[in-house]
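Colleague: In order, the protein sequences belong to chains A and B.
Sequence positions in the first sequence follow the working numbering and run 1 to 386.
Sequence positions in the second sequence follow the working numbering and run 1001 to 1125.
Rather than coming from a laboratory, the hints here were simulated on the basis of the structure.
Where is the CB? At the ideal position from N, CA and C, for every residue including glycine.
Please note: incorrect hints may appear among the correct ones.
[What the hints assert, rightly or not] What follows is a list of derived Cβ distance ranges for each label pair: (1) B:T1003 x A:K24: 31 to 41 Å; (2) A:K371 x B:E1070: 21 to 31 Å; (3) B:K1082 x A:G232: 50 to 60 Å.
[As the list claims (entries may be wrong)] When the alpha-carbon atoms are kept at most 30 Å apart in a straight line, the in silico DSSO-like pairs for lysine-lysine are as follows: (4) A:K24 x A:K136; (5) A:K108 x A:K56; (6) B:K1075 x B:K1042; (7) B:K1052 x B:K1124; (8) A:K104 x A:K24; (9) B:K1119 x B:K1082; (10) A:K382 x B:K1052; (11) A:K254 x A:K85; (12) B:K1075 x B:K1044; (13) A:K57 x A:K83; (14) B:K1044 x A:K57; (15) B:K1044 x A:K371; (16) A:K382 x B:K1125; (17) B:K1044 x A:K382; (18) B:K1121 x A:K371; (19) A:K371 x A:K382; (20) A:K56 x A:K371; (21) B:K1120 x A:K371; (22) B:K1042 x A:K382; (23) A:K120 x A:K24; (24) A:K24 x A:K108; (25) A:K382 x B:K1082.
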Amino acid sequence: MDYTAGMPVDPRVLEAVMPYFSQKYGNPFSLHSWGNEVRRAMEEARTKIVAFAGAKKNEEIFFTSGGTESNNLAIKGVAYRNKDKGNHVVASAIEHMSVMNPCKALLKEGFSVDFVPVDKYGVVDIQSLEKAITDKTILVSVMYANGEIGTIQPIKEIGEIVHRKGALLHVDAVAAAGQVPINVENENIDLMSISSNDMYGLRGAGALYVKTGTRIQPIIQGGGQERGLRSGTENIPAIVGMGKAAEIAKTEMKTEGERLSKLRDRLIKGALESAPSTFLNGHPTQRLPNNANVRFSYIEGESLILSLDMLGVACSSGSACTSKTLEPSHVLLATGLRHEEAHGSLLFTLGRQNTEEDVDYVVNALPDIVKRLRAISPLTPKELLS
Amino acid sequence: MYTEKVMDHFRNPRNMGEIPNADGVGTVGNPVCGDLMTIYIKVKDDRIEDIKFKTFGCGAAIATSSMITELARGKTFEEALKISRGDVADNLGGLPPIKMHCSNLAADGLHAAIQDYLKKKEAKK
């Protein structure tokens, strides 16, 4: 139940991409028929992404190596290209590291960046956002939904504000794409990042939607692929697979979303009832159908993960001990949690292969795990130990 | 990520619990940082007769606490104070570099418990 960390490739995607490894291996730039065949496949994939995102035409979709590159390209590419208009960028405090760190890199290059706070559910504070945007602001970056706490942002409303103030809106939709319907036109989105593997496609492909007329410059220079915005020979199997994955997601999102929402609610309810002093992270209703994030007081997330792993369950945590930096998740801290509260978080992200039995298995296992770890912890109040 | 030895001590921690009326108690770490360790010792003839721990933290924190109690039990103060930060990790078959501070914490916790005992003893004089 750790789909956000890595998703299996959908068998239908795998079938669609197989010919593009050793049979149809032409370079889409070549003029001969082998190249043409591959170029057509790439453009078909692009058309599927257009339909998936609600874009207008193929020229608005640029393939990249994944979500991280799409976010880097959007932030840096727009900032560099629009320097003449202003030097200010605004982002939410709970953005993914692939947005946070390019923003911080811009700081060193003479740009100023404001990170806008969120409420206790992780929803961006609209008034702070509006106040943060000045006449120097060129770009605002707010994620569609947060992959860790699942909270979905009011993107359409945010887009209206951003446009009224004359800035561009970039949306990191990596966690949301394929989970909830998104329409870039209706929701006032100028740039949007999506990733292939987060929709059951192959790793190594992503896309950036760039609305026609948006000024952006490349951050990777070379042979001029992707109409000059992203050089480097295209990763055709991953791109073809991403098209297929987007097509499948578009067709099945509604039924699968309803199924997952039920599982999610069952898991959240069961986890909250598994032990006292247990709380939900993220928004109770405005949340991704696949996301359940709960925190247990007095114990630490990595211990929970190891305990569940021993029972054959994979999940994640926002605990410091599970990160590379030994800092708890900036997302949980931004929602107002104290460090010691954030440490006890446990994140489940559900997917196509999860069943009600899986959820019940976890829910049944949790009480003993929490009880055991609380017995070991010196922080647990005596009354919880009986 | 962890050795089988670490996982064994995480699954079946040795000497977990509190010692009521312990002769020495050492608490190190900070819940803010994600680990807090308390070591309790019972002393007889300058020897650690009994030792127990309670730990809030990751798998490595729990395993190193468990290991330090095994290493220190029955030892004289002189011997126990020689148990180094590295010894705990070595006896667990190694720890990932980022978790080495847990090994340090366990050794520090033991030393703090001994210091606590010595301080109390000094105060009684």
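Colleague: Would you pick out the hints that fail for this structure and give their numbers low to high?
Modeller: Violated: hints 1, 4, 5, 8, 11, 14, 15, 16, 18, 20, 21, 23, 24 and 25.
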